[in-house]
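On the provided structure of chain F, position chain D as indicated by the hints.
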Amino acid sequence: MTFRKYLTLAAVAILAACGDFCLARGMREFGAVTLSNWSRLFAVLVSPWVLMGVCLLALFFCAYLSSLSWADLTYVLPATALSYVLMALLGKLFLHENVTTSRWLGIALITIGVGFVTSGPSLTSGYANRVRRGIETALGDGGRRCP
Amino acid sequence: MTYLATWGGIAAIVITATAGDVLQSRAMKEIGDLGVIRRTQGIAKVARSVLTSPRFMFGLLFMALTFFCLMATLSWADLSIVGPASAALTFIANAFAARLFLKEHVDHRRWLAAVFVFGGVALLAR
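Protein sequences, first through last, are from chains F and D. Each residue of the first sequence is one higher than the one before, counting from 1 in this note's numbering. Each residue of the second sequence is one higher than the one before, counting from 1001 in this note's numbering.
In short, the hints are calculated from the structure, not lab data. Think of the CB as a built atom: it goes at the ideal place given N, C-alpha and C, for glycine as much as any other residue. Do not rely on the hints blindly, as some may be mistaken.
Claimed, not checked - Examples of chain D residues lying across from chain F (beta carbon under 10 angstroms, computed):
(1) Ala1005
(2) Gly1035
(3) Arg1038
(4) Val1121
Bound-form chain F, shown alone (with noise of 0.2 angstroms):
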């Protein structure tokens, strides 16, 4: 891992976290959401801050597709966890909701369980390994096979 993939998953971490942010504050203005008028869905992407939060999990898309292309998919979720922790301090900072100690608490085990993964390695998979050795192309399969 260098240091620049380590960047890569702190920016899938931090966009996630802002972007679910402003989609929350834009929803917030537009009141419930429900079966009967579930059209609204629509309005809603004129709100600027729904428009922001779009635009920052468009970025978040593009830096959680580059991880995906160099790491497991189950060392990118938990590695990008930090976005739960980051979400639950702009809820409590910006949208005045309830952080209580039992939260803090889990903010603590995500912290931990982050911590477990990022020291392991980052790539396991015996289709990603095969595809980085060269042997589909050694085949001529052209990738579709599966290990």
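Below, chain D alone, put in the same frame as chain F:
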């Protein structure tokens, strides 16, 4: 909105997100390291490789569904509940799906991390 509606929304997010994540991960492994491709063949090649992958597009469809489920659920429930709860359950579902469909080696360290993150997110959702 009711407790049931909140958890129904969270369940919809979890199912669509897991399907999307597995498809995207598989597509990216097939394409290769995007950083290396960008450095050697340029950003246009990266965009072309990603956008012409059928698995990527199918995964994108599921991610779009996740997005609309998330927006709907956020309109009646707290972000500090929906975000962590859906993420925790998606995390566990993904661990099983990655082992089953992507053949990833989920060792003790990753299961331990899964348990810690799941526990932490469950506490956040209380």
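Outcome of the hint check:
The beta carbon of alanine 1005 (chain D) comes within 8 angstroms of a beta carbon in chain F, closer than 10 angstroms, and the hint placing it at the interface holds. Because the smallest distance between the Cβ of glycine 1035 (chain D) and any Cβ of chain F comes to about 6 angstroms, under 10 angstroms, the interface hint for this residue holds. The interface hint given for arginine 1038 (chain D) holds, since its Cβ lies 9 angstroms from the closest Cβ of chain F, which is under the 10 angstroms cut-off. With a cut of 10 angstroms, the hint placing valine 1121 (chain D) at the interface with chain F holds, because the nearest CB-to-CB distance is about 6 angstroms.
In this structure, none of the earlier numbered hints is contradicted; all agree with it.
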